[in-house]
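Student: Based on the sequences and whatever the hints tell you, model everything.
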Amino acid sequence: MPLGNPFPPRHCSLCPKGTAIDRNNERGLIDKRRRFAPGDIIASQGKPAASLFVIHEGYCTAQVEMNNKAVVSRFFLPGDIMALDAINDGRYLSTLKAATAAEICHINLSRLLETAANDPTVAASVIKFLSHDSGFMVEKLQRYANKHADAKLAAFLVEFYEMHLRIGRPETTLRLPYSREDIASYLELKIETVSRSLKALEHLGLISLHRVRTVTLHSYLGLKSLL
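Under this note's numbering, residues 1 to 227 are what the sequence shown spells out, in order.
Any given hint might turn out to be false.
[Unchecked claim] Here are the simulated DSSO-like cross-link-like pairs (lysine-lysine), alpha carbons at most 30 Å apart as the crow flies: (1) K190 to K224; (2) K140 to K190; (3) K47 to K128; (4) K47 to K140; (5) K199 to K147; (6) K47 to K32; (7) K32 to K199; (8) K224 to K128; (9) K147 to K32; (10) K224 to K199.
Please keep in mind that the hints were generated in silico from the structure rather than gathered at the bench.
Tutor: See the structure below:
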């Protein structure tokens, strides 16, 4: 599979959601598509925002610098639009990094806003994506707040599986593209707690752990029952 992606790319003329904003790049909003290696920084927190980013292939993370520590605030997968929060004041609110090899389309932010001001179709697409993005933190609080470690891991696996369902990937054996350190940061747990909770879920028969960050979900409903 190209770029070491655990799932095949979604073939399209530009990007899975980029075409929804600018089909076939008729308005010239797509600047370029770039390749990134694992660990490459796509955008840096606090820097002026020139682009939004649509993942054509690969997986990425958003990290927020807090008290001299980088905290993983979000995971992204193919089709996701990143840096929508930069539209407000023109600066990136988090550092975006490639978790795997990735191909990412760059949407020129100033041209996008100019076009949206004159084109109701583009404006409607932007509003739709912003509305979905703004609801993410509420969903995250509902999913993870006040839960013990095993429940947090179950919620994470459910979230990851459901994210792939939305892009047409229903496989129950998933290769986790994120490190346990990143997962621990996202869930506000210690790395050893993540490992221990994964083992606990396996002991319950809900999952099976394999080598190279691969996990098989045996009971989606069983995992959801822990939430």
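Student: It remains to establish, for every hint, whether it holds in the given structure.
Tutor: Each hint, compared with the structure:
For the given pair, K190 sits about 22 Å from K224 by alpha-carbon distance, which is consistent with the 30 Å threshold. Proposed proximity of K140 and K190 is supported: the alpha carbons are some 19 Å apart, at most 30 Å. Proximity of K47 to K128 is assessed by CA-CA distance (about 25 Å); at most 30 Å being required, the pair is judged to hold. A hinted pair counts as satisfied when its Cα atoms are at most 30 Å apart, and K47 with K140 qualifies at roughly 26 Å.
Note on K199 and K147: the hinted pairing holds, with a Cα-Cα distance of about 17 Å set against a maximum of 30 Å. Straight-line distance between C-alpha atoms of K47 and K32 comes to about 20 Å, which keeps the hinted pair within the 30 Å bound. A C-alpha spacing of about 43 Å is found between K32 and K199, which places the hinted pair above 30 Å, so the restraint is violated. For the hint linking K224 to K128, the alpha-carbon distance of about 28 Å falls within 30 Å, and the restraint holds.
Distance check on the hinted pair: K147 and K32 sit about 42 Å apart at the alpha-carbon level, beyond 30 Å; violated. For the hint pairing K224 with K199, the CA-to-CA distance comes to about 17 Å; that is within 30 Å, so the pair holds.
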